[in-house]
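A.B. asks: For the protein sequence lines, the chains are F and Y, in the order given.
Each residue of the first sequence is one higher than the one before, starting from 1 at the first, in my numbering.
Each residue of the second sequence is one higher than the one before, starting from 1 at the first, in my numbering.
Hints are computed from structural coordinates only; laboratory data are not their basis.
All values derive from a computational prediction rather than experimental measurement.
Glycine included, every Cβ here is placed at the ideal spot set by N, Cα and C.
Everything hinted at is true.
Only some residues are given here: those of chain F computed to face chain Y with a beta carbon under 8 Å:
#, residue
1, E143
2, Q144
3, D146
4, I153
5, Y158
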Amino acid sequence: MTPDPKPGNEAGRQPVRWLTDPFAALGRKAINWVNNLGAATIFLSLGVLRIFRPKQLMKVLEQLYLIGAGSVPIIMLVGLFTGMVLGLQSYHALVKFGSQGALGTLVALSLIRELGPVLTAIMITARAGSAITAEIGSQRISEQIDALGTMRIDPLRYLISPRVAASIISFPLLTAIFDVVGIVGGYISGVLLLGVNAGTYLYRVESSVDMKDVTDGFVKAIVFAVIVTTVCCYQGYFAHMRSDSYGARAIGRSTTAAVVISCVLILIADYIVTSLLI
Amino acid sequence: MATPLIEFKDVSKRFYDKVVLERVNLQIYEREVTTIIGLSGTGKTVLLKHIIGLHKPDEGTILFRGQPLDKIRRRDLPMSYMFQGNALFDSMTVFENIALPLQETTNLSPAEVRQRVMTRIEQMELADAVGKYPSEISGGMQKRVALARALVTDPQIVLFDEPTTGQDPVRKNAILGMIAQYQRTFGFTAILVSHEIPDVYFISNRILALYGKSIVFQGTPEEFEDFDHPFKEEVVHSLEGLQKELTGLHSRRQFKLRYQGQLRGGALGETYAVAVFSLDGLDAVAANLGHDAAQEAIRSLGVFLGKHFGAIGGFSTRRSLNEYVTVLPTTDRAEADSILGEYVRDFQGQEQAILDIWSSAQKLSASAVCVELAMLAGLAQGRSDEDIDSVIARARREQKVVSRIRCINQGEGR
Chain F
1 MTPDPKPGNE AGRQPVRWLT DPFAALGRKA INWVNNLGAA TIFLSLGVLR IFRPKQLMKV
61 LEQLYLIGAG SVPIIMLVGL FTGMVLGLQS YHALVKFGSQ GALGTLVALS LIRELGPVLT
121 AIMITARAGS AITAEIGSQR ISEQIDALGT MRIDPLRYLI SPRVAASIIS FPLLTAIFDV
181 VGIVGGYISG VLLLGVNAGT YLYRVESSVD MKDVTDGFVK AIVFAVIVTT VCCYQGYFAH
241 MRSDSYGARA IGRSTTAAVV ISCVLILIAD YIVTSLLI
Chain Y
1 MATPLIEFKD VSKRFYDKVV LERVNLQIYE REVTTIIGLS GTGKTVLLKH IIGLHKPDEG
61 TILFRGQPLD KIRRRDLPMS YMFQGNALFD SMTVFENIAL PLQETTNLSP AEVRQRVMTR
121 IEQMELADAV GKYPSEISGG MQKRVALARA LVTDPQIVLF DEPTTGQDPV RKNAILGMIA
181 QYQRTFGFTA ILVSHEIPDV YFISNRILAL YGKSIVFQGT PEEFEDFDHP FKEEVVHSLE
241 GLQKELTGLH SRRQFKLRYQ GQLRGGALGE TYAVAVFSLD GLDAVAANLG HDAAQEAIRS
301 LGVFLGKHFG AIGGFSTRRS LNEYVTVLPT TDRAEADSIL GEYVRDFQGQ EQAILDIWSS
361 AQKLSASAVC VELAMLAGLA QGRSDEDIDS VIARARREQK VVSRIRCINQ GEGR
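Construct the entire structure; sequences and hints are all you get.
C.D. replies: Laid out in structure tokens, this is it:
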């Protein structure tokens, strides 16, 4: 039998716990984070492997429509105004140095190398990523994912793989649309509204952009596609495992977490990929 | 006895610090209907989910045909599962929900898938709901969609998690009747979790009683009648009154108590009459007009028996899916014959109610087949010192057709 702790001993331990508790909590968070990272990596790997199973084509096409085609209008709208703002701001900066002729170069390189992939990924996260988390989370909470298992349908193959494949295909395409529309936006504000020579603008765009800029932008888009799909699917798939909430609230929190984590990871990954590619 | 299809050996399961199952031992045999009964929240669903592989035991072993279940790939387990909450895909239509397992797990052509799905849809009386979403149909229909989805792949084992929850009494019995009929037709092993005591006795070959985190009884419904355990007091007796929902008749326990009080306590040699009623042709009614129509006929017979014989001091109970027993105290055989004659004449006056229900069922199913239902009755005389089961057996042997109900169709008469 364990003797009752003496009050004096308890009091003696207090300062030690006061000192160690924050580190213990930090340690628990770190272990939890590493666990989640490992689980998400396995989750993604299994999802990718199952892309190549039979009967996946129609599901991939359906997701391409939802994630890709469905996002085109919003991507074009955001791309247009991003290009216009970029043209406007850059013109006023360049005109101080008498270099407004370089507007095409600045707009095109900024969009193709940075803004295109990053803003496209963030917009898809907001539009399609949140929907993925909410849909899969809702299926999890209402036992639809368990039902798939009981019907001998692999939930990862049925739900996750088509989304991963569709994202990897659609992110670069949407980025390309964003870039083109953004350059048109820069043309509208720089050439049509502020009077930069049209020929100069288009010549600078054409001469300053290398194929490497385009492929680097696509590499980033693919990296972001993997991040966004993994985070959004993972958050929805394990919505029932949340320790802070249950049911509909768990779906809400998972969706919020998916969008926030995706956006943060996009920006972190952007820096890492840029430093590797540059 | 044969090797069990599924066997639990000292299976325990806990969620965090809450123990749900503790050293559970049970056997489930092939091609039988096994029902797991117990109060809400005692782990019946958890037990069922262990069988399908959605939960893993913390301790103990689950064997499938003698092999550890965790060594068998899920795709090799010929099982289907019907969820308590249906777990239908809410963004898919009824047709798509039922077709999904066939589309994803077989290589059938779209035409074959369509044909198989439509067959199930017709059997489940869901023709009106084919293109609707689950949220657009009633709870009862959702249940039938879930049942159709569970059966569409012709599984060898079907697990039903409270299949009758949220249904009205007629529909509850219709679903149980449907499970029993399909089990007989397709020969699958059915494992049910249910609260519907005693209705589930009528369709079950074996009963498993889950109480205090363990299985406290395994055996036939008849053996369960004689089971002496606190479980019966706490669980069964609190749920048995549900029989009244369908027929308004005594439960078997109430019947037994009344019989013991009224007849066994009577003077030595005092006579009573026993009448055994059943309906012939119910399967045809279920097949052509639906399970609801069949249950409506069973219900009508029970309700009318209760009213008619209750008024003259008799008492009745439902013995099986399709059999009623009525006891007429202090009545000899001659009096019983005359009472039965009056009953048959009165019942014929009540037929119209059943026919009206059938007629609506016919319109719904667009069935052109005309069905006939025969009511059989048998009488026997017993003495107070005689075992009632032998008197019932004698009455059963005496059964003959006393009335026929024939639906009116396309100008046909009754």
